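Asks: These are the residues of each chain, in order.
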Amino acid sequence: MPEKVSIRIDGEYVAAHEGQTILEVARAGGKYIPTLCWLEGISSVGACRLCIVEVSGVGRLLPACTTPVQDGMSVTTQSEKLQHYRRIALEFLFAERNHQCAVCVSNNHCELQAMAQRLGVTSVRYPYAFPKLPVDLSHPRYVLDHNRCILCTRCVRVCAEVEGAHVWDVGGRGTRSLIVCDMNRPWGDAVNCTNCGKCVQVCPTGALAEKGFAVEEMVKHDRNITRLAARRGGPA
Amino acid sequence: MKKITIDPVTRIEGHARIDIYLNEQGRVADTHFHVTQVRGFEKFTEGRPFYEMPSITARICGICPVSHLLASAKACDAIMSVSPPETAVLLRELIHCAQFVQSHALSFFHLSAPDLLLGFDSDPARRNIFGLIEDNPDMARAGVALRRFGQEIIEGLAKERIHPSWIVPGGVNAPLTAEVRDRILGGLPAARKLAVRTIEFFKTVLDNYAEEVAHFGTTPTLYAGLVDEQGNSQWYDGLLQFKDPEGRLVAADIRARDYPEFIGEASLKDSYLKAPYFKPLGYPAGVYRVGPLARLNASDGFGTAADAELAEFRQRCGSVVHSSFHYHYARLLELLHGLDKIERLLHDPGILGTHVRATAGVNCLEGVGMIEAPRGVLIHHYKVDENGAIRWANLIVATGHNSLALNRSVAQVAEHFIDGDHFKEGMLNRVSAVVRAYDPCLSCSTHADGTLALDVRVFKPHA
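Residue numbers (this note's numbering), protein chains in the order written: chain A, 1 to 236; chain B, 237 to 699.
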């Protein structure tokens with residue numbers, strides 16, 4: 001049995017186990033912390049920085065999804081400062097790629113869009129990068145549109161950890177990073193892809209979608225992945 | 237040389253500016269019609285999956301997104317090599333008729349009626365829909381009601397009035413319910429009454445505008461429109477035909493994919509304007525018009541009850557009508573025909589069918605969709621790679637077809653009405669009004685890739 005610890009979240013004492021993350025404990029206590037790259041059932045990477053929280057005595061903001069709890073820790077999940085930085089993180093995601101909700105397959109079913117609405121992001125204060133990015137249409141059933149990717153790497157993790165195929169990776173560096181398939185070849189040429197579609201179902205935006213779906217038609221089912229992972233005993 | 241600028245041209249869709257140059261005698265020497273937008277859809281859609289094109293190209297216009305959705309979906313049908321199920325075709329036609337009703341109502345009542353009812357020379361501050369509401373509330377109400385009727389049909393079918401996502405490659409994404417059908421049928425008698433009353437009214441004021449009728453773009457041109465096997469005007473699925481100024485057929489049975497044999501697009505040296513022309517006659521001799529008036533000139537009739545009004549139109553104005561002023565009359569007749577067609581479609585036993593979508597992948601690397609938009613023939617032409625990514629796109633929009641004729645009309649009206657020595661605002665308003673008669677959608681027309689605004693120049697023959 002892991003050792004029990006006691007922490008405070010937004011002033012309330014909460015019981016937890018050593019090894020749990022701040023996010024797990026907060027969620028178990030009914031606290032909402034915004035997330036995008038995190039998905040229950042696969043490992044956490046702290047990529048999107050939306051789950052940042054304040055921890056007393058720590059000078060910087062920490063991602064709740066990857067920070068383990070420590071006895072006596074005091075965590076703040078909602079504050080003006082956090083709201084400020086979460087919005088910045090979200091605005092950067094919009095500015096980095098070409099997110100055109102109105103013509104997107106995932107319009108109205110998109111976690112990025114819903115998060116912007118939830119956090120009150122109605123405009124982006126930073127100049128858009130407008131990168132010229134390809135769309136990989138080579139797979140017979142699915143499509144990868146880098147324009148709509150936020151590099152959350154859920155696809156990378158679900159493929160490696162749940163499907164066991166490890167087709168996806170991240171190639172390149174910094175703002176030039178791209179999701180790559182089977183050591184950077186067209187998806188249609190991937191030898192390891194099992195066509196299971198798990199990556200599509202966990203993708204929070206319209207970056208991975210089923211082919212032939214018109215605008216607004218792509219509804220994702222990421223809870224299935226969480227259930228499947230739970231049955232198998234959590235992240236590999 | 238004195239210059240008069242109309243900037244912006246008001247009560248049109250999109251942005252335009254007209255420069256009029258006067259000579260020493262105060263007469264018009266030259267006119268320049270500038271479209272001041274660049275859109276770039278043909279370029280930035282390269283690389284997109286073809287099945288996204290309907291929703292992307294719908295964004296070209298907020299007035300007639302349905303027209304772009306349909307033309308684009310038809311081009312996608314061709315790429316998939318599928319025929320949409322019968323019900324889907326009926327439903328597409330239905331939403332298209334609703335689009336005609338709302339668009340024509342907008343053009344006539346909201347944009348042009350202030351000129352026709354308050355007068356071309358009336359106070360410009362009141363010469364708008366608000367002035368119309370004050371002076372002739374019944375007419376204003378009729379306009380709002382007819383536009384609403386069309387918009388509510390679109391909403392009933394597609395859930396959204398503007399940029400709906402209901403029209404998809406292969407058909408539509410949801411069937412029509414009996415409840416929505418009955419609601420539309422319930423509103424039809426009142427809508428038809430308003431349309432008939434407006435046509436009656438228009439006929440009574442027509443004689444007041446003899447001078448405008450005689451000078452609003454009267455140069456004969458060819459006329460193009462889609463027709464069915466009987467030669468009746470067809471808005472959704474017809475074959476294109478061209479008639480000459482005497483009403484003789486010069487080209488017929490043109491399928492969508494054969495349009496490049498008949499329609500050329502000239503590049504002008506000093507402008508990014510694409511000027512479509514009738515290829516067999518060459519450029520610039522092959523000037524043709526599209527839109528409501530051209531459709532009446534290019535076809536035998538409607539094939540609905542509106543044919544009675546059409547017969548009277550032809551009796552009054554001739555069998556081939558050249559004056560662009562009569563675009564208004566033709567638009568009202570089409571509005572009535574649209575309502576007739578809606579009723580016919582709603583009574584079709586297939587309209588409530590539930591098989592409304594065909595699915596397929598890429599079966600053809602090229603697809604052309606051609607329909608009649610409210611403003612005229614609309615063509616979407618795509619080429620894709622074997623995965624379905626757009627490699628090349630060409631859109632020929634109604635306002636584009638009309639651009640050569642429209643420019644000539646602007647010059648004709650300016651030359652006739654503008655007198656620099658006895659200048660009055662109403663003279664300029666007539667120049668704007670002839671633009672309005674075409675109901676151009678300039679935001680739709682400017683698709684070419686480029687970095688400069690279009691610059692359309694019209695010169696006097698001897699200039």
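Hint data in this document are derived by calculation from the structure and do not stem from the laboratory. Remember, it's a predicted structure, so these values are computed and weren't measured experimentally. Glycine residues also receive a C-beta, built at the ideal position from the N, C-alpha and C atoms. Hints may be right or wrong, so weigh each one.
Ranges of calculated distance between the beta carbons of each label pair, as one might list FRET restraints [as the list claims (entries may be wrong)]:
id: 1; chain 1: A; residue 1: Tyr32; chain 2: B; residue 2: Leu475; range: 58 to 64 Å
id: 2; chain 1: B; residue 1: Ala381; chain 2: A; residue 2: Gly174; range: 53 to 59 Å
id: 3; chain 1: B; residue 1: Arg493; chain 2: A; residue 2: His221; range: 37 to 43 Å
Simulated coverage check for chain B against chain A, where a stretch passes if three residues somewhere in it have a Cβ under 8 Å from a Cβ of chain A [stated by the list, open to error]:
id: 4; region: 277 to 286
id: 5; region: 403 to 416
Beyond 12 Å from chain B on every Cβ pair, some chain A residues (computed) [what the hints assert, rightly or not]:
id: 6; residue: Arg8
id: 7; residue: Gln20
id: 8; residue: Gly59
id: 9; residue: His139
id: 10; residue: Val143
id: 11; residue: Asp145
id: 12; residue: Glu163
id: 13; residue: Val215
id: 14; residue: Leu228
Asks: A separate judgement is required for each hint: does it hold in the structure or not?
Replies: Hints, verified against the model:
no.	hint	in the structure
1	Tyr32/A to Leu475/B: 58 to 64 Å	60 Å, holds
2	Ala381/B to Gly174/A: 53 to 59 Å	57 Å, holds
3	Arg493/B to His221/A: 37 to 43 Å	40 Å, holds
4	277 to 286	holds (count 3)
5	403 to 416	holds (count 3)
6	Arg8	47 Å, holds
7	Gln20	42 Å, holds
8	Gly59	45 Å, holds
9	His139	9 Å, violated
10	Val143	6 Å, violated
11	Asp145	8 Å, violated
12	Glu163	23 Å, holds
13	Val215	4 Å, violated
14	Leu228	28 Å, holds
Hint violations for this structure: numbers 9, 10, 11, 13, all remaining hints satisfied.
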